[in-house]
Every structure is written in structure tokens, then in C-alpha cells.
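Fit chain B to the supplied structure of chain A, relying on the hints for placement.
In order, the protein sequences belong to chains A and B. The first sequence begins at 1 in the working numbering and counts up one residue at a time. The second sequence begins at 1 in the working numbering and counts up one residue at a time.
It cannot be assumed that every hint is accurate.
If we take Cβ atoms under 10 angstroms as the criterion, some of the chain A residues that face chain B in the derived model are [unchecked claim]:
#1 Phe35
#2 Pro38
#3 Ala49
#4 Pro53
#5 Asp87
#6 Cys95
#7 Cys99
#8 Pro106
Pulled a few chain B residues facing chain A out of the computed Cβ check, cut under 10 angstroms [to be verified]:
#9 Leu57
#10 Arg58
#11 Val237
#12 Asp238
#13 Ser295
#14 Asp322
#15 Gly325
#16 Val344
#17 Thr378
#18 Lys405
None of these hints come from the bench; they were simulated from the model. Glycine included, each C-beta is placed from N, C-alpha and C at the ideal position.
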Amino acid sequence: MPRVICDNERCLACKACEIACAVQHSAAKSLAGVFEEPPRVRVSRLPEARGLPLRCMQCEEAPCVMACMSGALQRDAETGLVKHDADKCVGCWMCVMVCPFGGVRPLRSRGVVTKCDLCEGEETPACVAACPTHALSVDETTAEEV
Amino acid sequence: MAYVIIGNSAAAVSAVEAIRSVDRDTPISLYCDEQAPIYSRCMLSYYLAGHVEKDDLRFRDDGWYERMAVEPHLGSAVTGLDADRKKLRLADGSEASYDKLLVATGAKARSLGRPGEELPGVFRLRNLPDAEGIVARLGEANRVAVLGGGLVGLKAAYALRERGMEVSVLVRSDHLMSQVADARAGDLIRERLEEKGIEVRTGVDAKAIAGDGGVKAVELSEGGAVECGMVVVGKGVDSNLDVVKESGIEAHWGIVTDEHMQTSAPEVYAAGDVAETRDLLTGERTVNAIWPNASEQGRVAGFNMAGRERTYPGSLAMNSVDFYGRSLMAVGKVRKLDQGAEEVVDYQPERGRYRKLVIRDGRLIGLLIVGSMQGVGTALALIKAGVPVAEIQEVLLAEDFDYAKILHLVKQYPEAFGRREFLLTVKSAVG
Chain A
1 MPRVICDNER
11 CLACKACEIA
21 CAVQHSAAKS
31 LAGVFEEPPR
41 VRVSRLPEAR
51 GLPLRCMQCE
61 EAPCVMACMS
71 GALQRDAETG
81 LVKHDADKCV
91 GCWMCVMVCP
101 FGGVRPLRSR
111 GVVTKCDLCE
121 GEETPACVAA
131 CPTHALSVDE
141 TTAEEV
Chain B
1 MAYVIIGNSA
11 AAVSAVEAIR
21 SVDRDTPISL
31 YCDEQAPIYS
41 RCMLSYYLAG
51 HVEKDDLRFR
61 DDGWYERMAV
71 EPHLGSAVTG
81 LDADRKKLRL
91 ADGSEASYDK
101 LLVATGAKAR
111 SLGRPGEELP
121 GVFRLRNLPD
131 AEGIVARLGE
141 ANRVAVLGGG
151 LVGLKAAYAL
161 RERGMEVSVL
171 VRSDHLMSQV
181 ADARAGDLIR
191 ERLEEKGIEV
201 RTGVDAKAIA
211 GDGGVKAVEL
221 SEGGAVECGM
231 VVVGKGVDSN
241 LDVVKESGIE
251 AHWGIVTDEH
261 MQTSAPEVYA
271 AGDVAETRDL
281 LTGERTVNAI
291 WPNASEQGRV
301 AGFNMAGRER
311 TYPGSLAMNS
321 VDFYGRSLMA
331 VGKVRKLDQG
341 AEEVVDYQPE
351 RGRYRKLVIR
361 DGRLIGLLIV
371 GSMQGVGTAL
381 ALIKAGVPVA
391 EIQEVLLAED
401 FDYAKILHLV
411 KQYPEAFGRR
421 EFLLTVKSAV
431 G
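Extracted from the complex, chain A is given alone in its bound form:
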């Protein structure tokens, strides 16, 4: 399963990934997007100017999919990705309750959650492309190979 991974020794908590994510998922794909579209990755600041971008790990045994009672979160049979359909989401926050990584973000104002879609259709996810220290990358290792 592809997923965005982070070498957190390199993360300086600059939040470039957050901005790139918001822009990518905004309607106009412009910088104004940061005001309209909340990023699906959230950088948690750590001491000494470090951080870790919290994001969906596309878990193989995804607790969010098992907790989703509306069918908004389902595994895509072809890509294997955990997909979220905002039209089906009712904001019950069960997925938020069970995600170990803080990878599903509640958007209270819209009454739905949002999560990483790996910028489907793009060659490289926007956060990975934007990371100035190359802390973020796409990993395709399967669990069996770990």
C-alpha cells in the first residue's frame, strides 16, 4: 500500500506540506486555497524546532474503515487506498476516535472528516513535492516486507 512516510529527523515543522496540501485540494488550486480548504496533513510541533506531520497511513487493517458506519470510509478494491467520500460522511467522528495516528481530521464547520488521498491522479503527492528538507516521501513497502 503506498503511503506518505516521514523521516522525522529531517522535519523542521515548517508546514510547507500543510500549505501544499490545502492548495492541491482547493477548487482553484491556488494559494488562496489555504483559506478555503483545510489541509489533510497537520504538523505537530515538537521541541527544538522539530515536528511530525500527522497524516493517514493507509493502514492495511484500517480501524477507521471498520468504525465507519456510513460507508464514507472504504478501501478501494483496486488501489488498496482508504478512500473517504465526504458526501456520505455525517460527522459521527468514530473514525477520529479510532485512528492511532491522528490521520483523520474532523472539520466541525462542515460536519465531515477529511484525510489524505495521496493526491490521486498526481505523480507525486503535493506534500512530498513541497517538503524542502525531503523529510516526506512515498513508501510502497508492504507490511510483509517490514
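Chain B in isolation, oriented as in the chain A frame:
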């Protein structure tokens, strides 16, 4: 070789998807007493509120049965099973054979056990017909009494308030949500419901429902009555054990299952609200009748039925509700303080914030929050895995708690984040 599933909700769907992920070919038949295609019971209150349409209740689309190569027998109730002959008895008198069977018959709403319960206008909120019945009667009553201050009762109260009704919630306990939360959390939810015009009366008991051809009032044991044209009963659920009643399969609160979700009969599995499992925290046998447990149990059962061994670690009480933007989440043991357990609390009612950790033997066994949900999922993983948390109590209680704040622990206890997948995360996250 044929799989048979009895049930059509979370556990059943999850089991089918697990089976089909490893076995595309063996026939699967699915029986359910209800006519409706797959729908989500947990969504019924959203339908009742008018927030979603009936079609939106479907948590799997119309093509699902076909894609999963499942033969659905909807509206076909299974009335009994003969585990020796591996046969099911159907309502129409015929029989069906199975090689591997999953009983996922769910649970039914408990009755009130008081006079007047059969009057027109008295409802439960468990099945689609229940919700449709309430919707059909919306124009005929202005006032509704909701009996029970648990999850279903409150969701019904919220939904009917959204429909513009005058709502009174009558609760026997001294606070709301007494089965899943404590008084502080229950009162914070109560405050929000009352702000929105829902009347809440605690410590009162319904003696009878009065009426003549329709509901007129709920009479209280303490004297007095609450006038209303509709009653919704939310008094919890009991497992649907009818199918196994005379089968010899062991059942108490629910059908007794082992760590493979197998029952006392060979090749018969059970999952979901009908299954009795070991509670992860107490080790006691119980029915933790909630959606995520049902899905996980169904998945484990499905894999085992398909010959891929999986073990179920045990069930965990967990709930999430949100009323008017105020969230409550309760995980593990948060109601009463066990002997030897201690509470660590951040209680700021004026901000609508409450966070309580329950710790026993240096391990987190409960988490209760109202307000910010941040970090709850990470804490839940710590509860499930029994990670020592003595050193991170303050971190866990802090407003900015999240996964990143405990990377050192994740590194120390990679198994804490359990499944194989999490090991990968740890490697990448900690590097």
C-alpha cells in the same frame, strides 16, 4: 463447500469482505429477516432528523452483493439451526445447508415493560421500519417523550428536536448517558441539549404510557405525568439469540465465542451484537454491542472461516456522539472507578472541556472526553495495547496531545501500535 451468513449489517458485511479478500470462488449465501438492502442502523437518527435521505443509509452500494458474489436472501428469516446436520431452518419451513456459518443476527431493542407500550405512537429506534414509522407520524404529534438517556434515546431526542418537536427526555438515572459516561460528561451534554430546547428530567421513572387509541401521556412513578403524542423508548438492546435457542450452542448474554470468533459448535461462528466476547480490559465475557467491534469481529470470523487464522484480541467499549457541536467520546472503563484505579482529570465546564484518564497498574484503562477530540485515537491504541503510561500522564491530559508527542514510547513499544501495519509507521516515523 458453501459459506452462509445470517445477518446483513456491520459484522456480516465485514465478514463477507474478509472472505472475498482471500477466496473469490466459494459460494456465499446471506439470509436476513429484513427486506431492506444493506443499511446502517447507526444512521437512522440522521434519517429521522431529516439530515439524510433513506438511500443515504446504505453503507454499501447496490452492486455490493454482485461484486462480492453473494446470494442475498432478504426477508428470509432463519428460525433455527441444526449444528450436527449443518442445516438451517427457514421461516417458510424449508432448509438450507452450510459448511461454514456466521451468525450475525444482531440485537433487538429492549422493551419498556410498562403498560401502554403497545399503543400507536410508541416507538423504538432500532430498525428502518421503526424510523419510517416515526417519520410517518411526525405531523400528528407536537410533543414527544423519550424514555432513556442513553445513546439511542439522546440521538432520537436530537433528531426529533431537529424536526421541530417539543422533546422531553425522561431518565431514571441521575445523569445522562449513565451506561457509557460519568456525571460530569453527562451534565455537559445535558447543558447543550437544554440550550437547544430539549427538556431533560433525570431521576424519574415511567410507570405507564396512558392513552386511548394513541399516546396521551407518560405517567411517572413519582406522580404526575408528561403529556405527549409520541413516545420513543431507548432502553438498550439484547442479543437476538432465537436462531441458536434450541441448537445446543452455548449462549449467555450473547453467543459465546472463542478467540477465533467460533462458537461452541464446529464451523459455526458468531460476530457483532449477537456475540459474547472477552472484554479486553476486564477479561470478563460481555457483549460490547457497538459498530467497530462488530466490524472487527466479522473480519476475524471471515478470515477464520476462509482458513486464514486470525485471533480476536477482545472487545472494547467505545462510543462517540456529537450534539450541536459538542463531542463526547468514551473509551474503556470510565463510568465507575474500579478498586486500585485512579483518575486524572482536566475539567473546565465553563469551556465545555473535560478530559479524564483512568489508570490502573500504570496502564490506561479508560478515556473520557467532552470537547476536543484531539489525540483520542492515539490514547485508544495505548489502552488496547496496555502500554505503561505513568510517565506520560501529563502529556496525555494536555490539550495538544497527539501521536507525535509520544514518539519515544512508540519506539519503545512498537507492538503497542499493534498490527503489522503500525510497525511500518514506527520505522518511518521514528526513523
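Outcome of the hint check:
no.: 1; hint: Phe35; in the structure: violated, 22 angstroms
no.: 2; hint: Pro38; in the structure: violated, 14 angstroms
no.: 3; hint: Ala49; in the structure: violated, 14 angstroms
no.: 4; hint: Pro53; in the structure: holds, 9 angstroms
no.: 5; hint: Asp87; in the structure: holds, 9 angstroms
no.: 6; hint: Cys95; in the structure: holds, 8 angstroms
no.: 7; hint: Cys99; in the structure: holds, 4 angstroms
no.: 8; hint: Pro106; in the structure: holds, 6 angstroms
no.: 9; hint: Leu57; in the structure: holds, 8 angstroms
no.: 10; hint: Arg58; in the structure: holds, 7 angstroms
no.: 11; hint: Val237; in the structure: violated, 15 angstroms
no.: 12; hint: Asp238; in the structure: violated, 20 angstroms
no.: 13; hint: Ser295; in the structure: holds, 4 angstroms
no.: 14; hint: Asp322; in the structure: holds, 6 angstroms
no.: 15; hint: Gly325; in the structure: holds, 6 angstroms
no.: 16; hint: Val344; in the structure: violated, 20 angstroms
no.: 17; hint: Thr378; in the structure: holds, 5 angstroms
no.: 18; hint: Lys405; in the structure: holds, 7 angstroms
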